[in-house]
Amino acid sequence: MDMVHVKDVAHSFGREEVLKEVNLSIQEGEIFGLLGPSGAGKTTLVKMIVGILEADQGEAWVKDVKMPSLEQMKVLGYMAQSDALYNELSARENLDFFGSIYGLRTKKRKQRIEEVMNIVDLYDHLDKPVQKYSGGMKRRLSLAAALLHEPDLLILDEPTVGIDPILRQSIWNELKRWQQNGTTIIVTTHVMDEAGKCDRLAMLRDGYVIATGSPKELREKSHTETIEEAFLAYGGEKG
Amino acid sequence: MNIRALIIRILRQFRRDKRSMALMIVAPLLVLTLMWLVFDGDRYEPEIAVVDVPSPYVQVLEKQDAVIKEMSEVEAMNALQGVEVDAMIKMDQQSMQVALEGSDPSTNSAVKMTIQQAMKELGPQKSQLEPAFTYIHGSEDLGLFDNVGPVLIGFFVFFFVFIIGGVSFLRERTQGTLERLLSTPLRRWEIVTGYVLGFGLFTLIQSFIIAAYSIYVLGMWMDGSFWYVLLITFLLAMTALTLGTLLSAYANNEFQMIQFIPLVIVPQVFFSGLFNLDALAGWVQAIGKVMPLTYGANALRNIMIRGKGIESFQSDILILIGFAFLFFFLNIVALKKHRKL
Numbered sequence: 001m002d003m004v005h006v007k008d009v010a011h012s013f014g015r016e017e018v019l020k021e022v023n024l025s026i027q028e029g030e031i032f033g034l035l036g037p038s039g040a041g042k043t044t045l046v047k048m049i050v051g052i053l054e055a056d057q058g059e060a061w062v063k064d065v066k067m068p069s070l071e072q073m074k075v076l077g078y079m080a081q082s083d084a085l086y087n088e089l090s091a092r093e094n095l096d097f098f099g100s101i102y103g104l105r106t107k108k109r110k111q112r113i114e115e116v117m118n119i120v121d122l123y124d125h126l127d128k129p130v131q132k133y134s135g136g137m138k139r140r141l142s143l144a145a146a147l148l149h150e151p152d153l154l155i156l157d158e159p160t161v162g163i164d165p166i167l168r169q170s171i172w173n174e175l176k177r178w179q180q181n182g183t184t185i186i187v188t189t190h191v192m193d194e195a196g197k198c199d200r201l202a203m204l205r206d207g208y209v210i211a212t213g214s215p216k217e218l219r220e221k222s223h224t225e226t227i228e229e230a231f232l233a234y235g236g237e238k239g
Numbered sequence: 001m002n003i004r005a006l007i008i009r010i011l012r013q014f015r016r017d018k019r020s021m022a023l024m025i026v027a028p029l030l031v032l033t034l035m036w037l038v039f040d041g042d043r044y045e046p047e048i049a050v051v052d053v054p055s056p057y058v059q060v061l062e063k064q065d066a067v068i069k070e071m072s073e074v075e076a077m078n079a080l081q082g083v084e085v086d087a088m089i090k091m092d093q094q095s096m097q098v099a100l101e102g103s104d105p106s107t108n109s110a111v112k113m114t115i116q117q118a119m120k121e122l123g124p125q126k127s128q129l130e131p132a133f134t135y136i137h138g139s140e141d142l143g144l145f146d147n148v149g150p151v152l153i154g155f156f157v158f159f160f161v162f163i164i165g166g167v168s169f170l171r172e173r174t175q176g177t178l179e180r181l182l183s184t185p186l187r188r189w190e191i192v193t194g195y196v197l198g199f200g201l202f203t204l205i206q207s208f209i210i211a212a213y214s215i216y217v218l219g220m221w222m223d224g225s226f227w228y229v230l231l232i233t234f235l236l237a238m239t240a241l242t243l244g245t246l247l248s249a250y251a252n253n254e255f256q257m258i259q260f261i262p263l264v265i266v267p268q269v270f271f272s273g274l275f276n277l278d279a280l281a282g283w284v285q286a287i288g289k290v291m292p293l294t295y296g297a298n299a300l301r302n303i304m305i306r307g308k309g310i311e312s313f314q315s316d317i318l319i320l321i322g323f324a325f326l327f328f329f330l331n332i333v334a335l336k337k338h339r340k341l
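Protein chains in written order, with the UniProt record's numbering: chain A, 1 to 239; chain B, 1 to 341.
Quick caveat, the hints were computed from the structure, so don't treat them as lab data.
There may be inaccurate statements among the hints.
Result set (BS3-like, lysine-lysine): computed pairs, CA atoms no more than 27 angstroms apart in a straight line [said to hold, decoys possible]:
| no. | chain 1 | residue 1 | chain 2 | residue 2 |
| --- | --- | --- | --- | --- |
| 1 | B | 18 | A | 66 |
| 2 | A | 7 | B | 340 |
| 3 | A | 63 | A | 74 |
| 4 | B | 337 | A | 66 |
| 5 | A | 63 | B | 308 |
| 6 | A | 20 | A | 66 |
| 7 | A | 20 | B | 337 |
| 8 | A | 7 | B | 308 |
| 9 | B | 289 | A | 20 |
| 10 | B | 340 | A | 63 |
| 11 | B | 336 | A | 20 |
| 12 | B | 289 | B | 308 |
| 13 | B | 289 | A | 7 |
| 14 | A | 63 | B | 336 |
| 15 | A | 74 | B | 308 |
| 16 | B | 340 | A | 74 |
| 17 | A | 128 | A | 107 |
| 18 | B | 340 | A | 66 |
| 19 | A | 74 | B | 18 |
| 20 | B | 18 | B | 336 |
| 21 | A | 107 | A | 74 |
Simulated coverage check for chain B against chain A, where a stretch passes if three residues somewhere in it have a Cβ under 8 angstroms from a Cβ of chain A [what the hints assert, rightly or not]:
| no. | stretch |
| --- | --- |
| 22 | 99-106 |
| 23 | 332-341 |
Quantities reported herein were computed from a predicted structural model and do not represent experimental measurements.
Glycine residues also receive a C-beta, built at the ideal position from the N, C-alpha and C atoms.
Start from the sequences and build out the full structure, keeping to the hints where you can.
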């Protein structure tokens, strides 16, 4: 069964076409990367899978249910590109709020909040108001909020922007760990070497998927050494 | 050079934001037009009921700028209670009694002026008859502040709830938390309801403080029940909140939210009864009918100045509830822009 299935999706904002003929299948339990420069349509595509944007044409399915679906939203964790936190509130209050929305009971909620704050290494800052957080800390808190309800499908839009290399490494280690627990993860990125860590990739440019496959396949098929070179090679064919 | 760069940048921003530019020109024009409509009306002609007044007196009164209606005493009293007439003149051999409706100081003085003019024309021997004024509501002490006070209470509650509610819902959108909320299984109506209830509690406190302060600290004229005042201000606040969050969907930033003030708030000041609109054309008066503050102000005046019971303003309550529900549902519809479900 495909965890996510995107079928013939096309979308435009006004006259600007952001996505054209996008087809994707994402298997259960894989880390799937959406790689492309900013403006390639990554966020738009991800929002359709999450269900907060409906495509002009085509459909997005999560676990064989067409999005948007409130049922599927329960099993899905989304970390948006903007941090989407209430700056006046403390980290605990933010997580408490999001946890309540997903219907976590008080005791479970408290326990999960401590768990996720440990994962993102913010446990010592639980009661600090978010407006005193640095950019990287906010990013990590957003990630913590997406993990709170132990989703089956985790959708992360540029999760490692503004995070230092050591922490980025530890976040990737965590992603791998969740994957082993059966979580399917979709990550968007414009960082080429980060894309190499995904099981499979879709390269996006100007609203088109120019290539899909594992990092190894993509390099071999284009006869290149790095993902960056592969991206240029595939981009060249279309452009 | 820095300054020049700044100037160019600001001009460019304006060019991109055509709406702000239009507003800077259109809004003052609109406000000026409204003020002109209100202040350029003809002088108010009071409507006076006359009871047992000898015809020479009636003839002189009719020559003044006033509408004179001959009635029986019972009819006149009913008309006074219903604010169909502004005053009643009753005469016998020795005395002239004038009963004023009393809730609007400017109407009171228009009535007095009409009578004084008439007495002057009648000549010295007849004008010895000194009119005695009595008031159905209020008294001679009822000042302009007492008269506009109930409207001002309603207005300030409306104004601040509108702005604060609107801006905070807007920020929910601009900081991305609204989108985040819509990626959860929350339903659209739940989001709107949460907002209304959360703010509702806050506005209840706010309404209480404003009403209590006006009545007990400022000593505003108060003949009715405080709880009725609280009910009306709360309903006004709910209307303002739902309207504010609704309109915030059409603003891209806080600045654009503020731009709604001259369009939505200021006109309500002019048409909600702060100024007497009876002398204006029907279509001008009709503008007030679509404004929530009109109903809130009318109810508050009935409670505070006239000391009336719920039957006199129950239609105002229903209309305010209607406005709040209408805006509430439109909010839910407006969120469809973000998520269809």
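Results for each hint:
no.: 1; hint: 18/B x 66/A; in the structure: 39 angstroms, violated
no.: 2; hint: 7/A x 340/B; in the structure: 19 angstroms, holds
no.: 3; hint: 63/A x 74/A; in the structure: 12 angstroms, holds
no.: 4; hint: 337/B x 66/A; in the structure: 19 angstroms, holds
no.: 5; hint: 63/A x 308/B; in the structure: 63 angstroms, violated
no.: 6; hint: 20/A x 66/A; in the structure: 19 angstroms, holds
no.: 7; hint: 20/A x 337/B; in the structure: 22 angstroms, holds
no.: 8; hint: 7/A x 308/B; in the structure: 66 angstroms, violated
no.: 9; hint: 289/B x 20/A; in the structure: 50 angstroms, violated
no.: 10; hint: 340/B x 63/A; in the structure: 20 angstroms, holds
no.: 11; hint: 336/B x 20/A; in the structure: 24 angstroms, holds
no.: 12; hint: 289/B x 308/B; in the structure: 22 angstroms, holds
no.: 13; hint: 289/B x 7/A; in the structure: 51 angstroms, violated
no.: 14; hint: 63/A x 336/B; in the structure: 24 angstroms, holds
no.: 15; hint: 74/A x 308/B; in the structure: 53 angstroms, violated
no.: 16; hint: 340/B x 74/A; in the structure: 17 angstroms, holds
no.: 17; hint: 128/A x 107/A; in the structure: 21 angstroms, holds
no.: 18; hint: 340/B x 66/A; in the structure: 13 angstroms, holds
no.: 19; hint: 74/A x 18/B; in the structure: 41 angstroms, violated
no.: 20; hint: 18/B x 336/B; in the structure: 26 angstroms, holds
no.: 21; hint: 107/A x 74/A; in the structure: 19 angstroms, holds
no.: 22; hint: 99-106; in the structure: violated (count 0)
no.: 23; hint: 332-341; in the structure: holds (count 4)
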